[in-house]
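Trainee: Chains as they are written, first to last, in our numbering: chain A, 540 to 740; chain B, 540 to 740.
It should be emphasised that the hints constitute simulated quantities derived from the structure, not laboratory data.
These numbers were taken from a predicted model, which means no experiment stands behind them.
Errors might be hidden in some of the hints.
Note that identical chains are pooled: a pair holds if it fits in a single copy or bridges any two copies.
[Unchecked claim] Here are the simulated DMTMM-like cross-link-like pairs (lysine to aspartate or glutamate), alpha carbons at most 20 angstroms apart as the crow flies:
| id | residue 1 | residue 2 |
| --- | --- | --- |
| 1 | K574 | D686 |
| 2 | K574 | D661 |
| 3 | K663 | D690 |
| 4 | K574 | E585 |
| 5 | K574 | D552 |
| 6 | K581 | D552 |
| 7 | K591 | E605 |
| 8 | K581 | D619 |
There are 2 protein chains.
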Amino acid sequence: MEYGSEALARLVDEFSRLPGIGRKSARRLAFHVLKADDDTIKRLAEALTDVKSRVVFCDVCHNVTEASPCPLCSDARRPDEVVCVVEEPSDVLAIEATGEYQGRYHVLHGVLSPLDGVGPDDLKVKELLARVREAAPREVILALNPDTEGDATAFYLHKLLAPLGCEVSRIARGIPVGGDLEFADQVTLGRAIQGRELMRR
Amino acid sequence: MEYGSEALARLVDEFSRLPGIGRKSARRLAFHVLKADDDTIKRLAEALTDVKSRVVFCDVCHNVTEASPCPLCSDARRPDEVVCVVEEPSDVLAIEATGEYQGRYHVLHGVLSPLDGVGPDDLKVKELLARVREAAPREVILALNPDTEGDATAFYLHKLLAPLGCEVSRIARGIPVGGDLEFADQVTLGRAIQGRELMRR
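Same shape as in the complex, but just chain A (with noise of 0.2 angstroms):
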C-alpha cells in the first residue's frame, strides 16, 4: 500500500483522472482532503452529485440548466435575430461576461475532428440548421476556437447555413488587447491586417 491507506490511494486516482491534474496534483489534492474539515469535504461530494442529478441540457440552445428552455433561452428581451455558435457551455459564460453581445446561443457540444472520431453526429450540428431554419434568424455568429478544428467546423457550418438564408459571420481574429506587435505570432499579424479596420473620421 503506497499511501498507508487504500482510500487514499483510490482517492488520489479519482483525482489524476480529472482533466489538468497529473499525479502530483492529485496526491496534493489527497492530502488536502485528508486535513480539510469534514463539512468541507461533505459539501464537495454533494456538490460533485448535485451536479450530475440536477443540471439539464437546455432543449433549445443545448446550454446547460437546470430547467428548459434555459434562462438565456426564455429572456424575451434577447432578440432572436442573432444566432451565437460556440463550441461549449464554458464559452457562452465567456461571451455573457464581455457584456457584448445580447442574441440567442446556439452549444455544439465540440468541434469537428476526425482524427477524435467526432463527425457532425457527435455535435448539436442537426439541431442547429432546424432552427435556424424554423427562427430564420438574420445572422449566424460562428465563435469557435481560433484553431485548426475550430476553422475546420467554420467552414462546414458556413457551407450548410449559406443556403438557408442568414449571414455567417465570425468573430475576428488579430491582435489581443494589451497585447505586443512584437511577440504576436505571423498568423494572427497576419490574421490582424487582413482584417484591418477603417477607422472613422
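Got chain A; can you put chain B on it based on the hints?
Mentor: Chain B alone, transformed into the frame defined by chain A:
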C-alpha cells in the same frame, strides 16, 4: 445565475477552494464533471467521503493510515535506531520511493511559521521529544524542506533534541542529480561546496 445552474456554480466554488485550483481550472473541472458518466463521478464522491471516514493518523509516527500503528511502525524488520522527521505524510512517500532509508518516521504535520501563526504546539514536536526520550534512537534525521521555515524548524528541533543524547543530522543540500552548475542558484552552489564529500581512493 452566472452558470445557468446553481448546482454548477456551487461545484465551481467548491473546486476553486482546493489548493492550486484557480477559478478557470475549477470551471474546466466542473464542466468535465458535467460530461463525465455518472459512475465516474459517483466513484470520486465516494472516494472523498471514504477518505474522511476511514483514514486515521498513526499514534506513533502520525503518518496517515487505516489502522494505528501504521504498517511502517509495526514492521519489525525496520530498525528503531534511526528516526526520520518529515513535514508531511507525502514526504514519507517521497523518501520511501528512493529505497535509501529503512528506519522509522515521524511526521510533524507542518513547520514552524510565526507569520501563519504556526507554533511548536501546532506540530507533533512534543510527541517527537517523548518518543526520542522513550525509544532513545541513535540518530534523528531532519528531512525538512530546505526553505526558511524548514531551516528554522530544523534549528529549533536540533536545540531540543541535542540534550537527549541522540545524533541529529539533516539531509544534504546541493546540486540536484542531473542538474547543471551553470544554472544552479548561488546559495545552492555555495551549500554544495560547503557540503562537499571526500572521494574514497
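Trainee: Each of the hints needs a verdict: does it hold here or not?
Mentor: How the hints compare with the structure:
no., hint, in the structure
1, K574 - D686, "neither (42 angstroms within a copy, 22 angstroms between copies)"
2, K574 - D661, "between (42 angstroms within a copy, 13 angstroms between copies)"
3, K663 - D690, "within (17 angstroms within a copy, 58 angstroms between copies)"
4, K574 - E585, "both (18 angstroms within a copy, 17 angstroms between copies)"
5, K574 - D552, "both (18 angstroms within a copy, 19 angstroms between copies)"
6, K581 - D552, "both (19 angstroms within a copy, 14 angstroms between copies)"
7, K591 - E605, "within (11 angstroms within a copy, 30 angstroms between copies)"
8, K581 - D619, "neither (42 angstroms within a copy, 39 angstroms between copies)"
In summary, the numbered hints that this structure violates are 1, 8.
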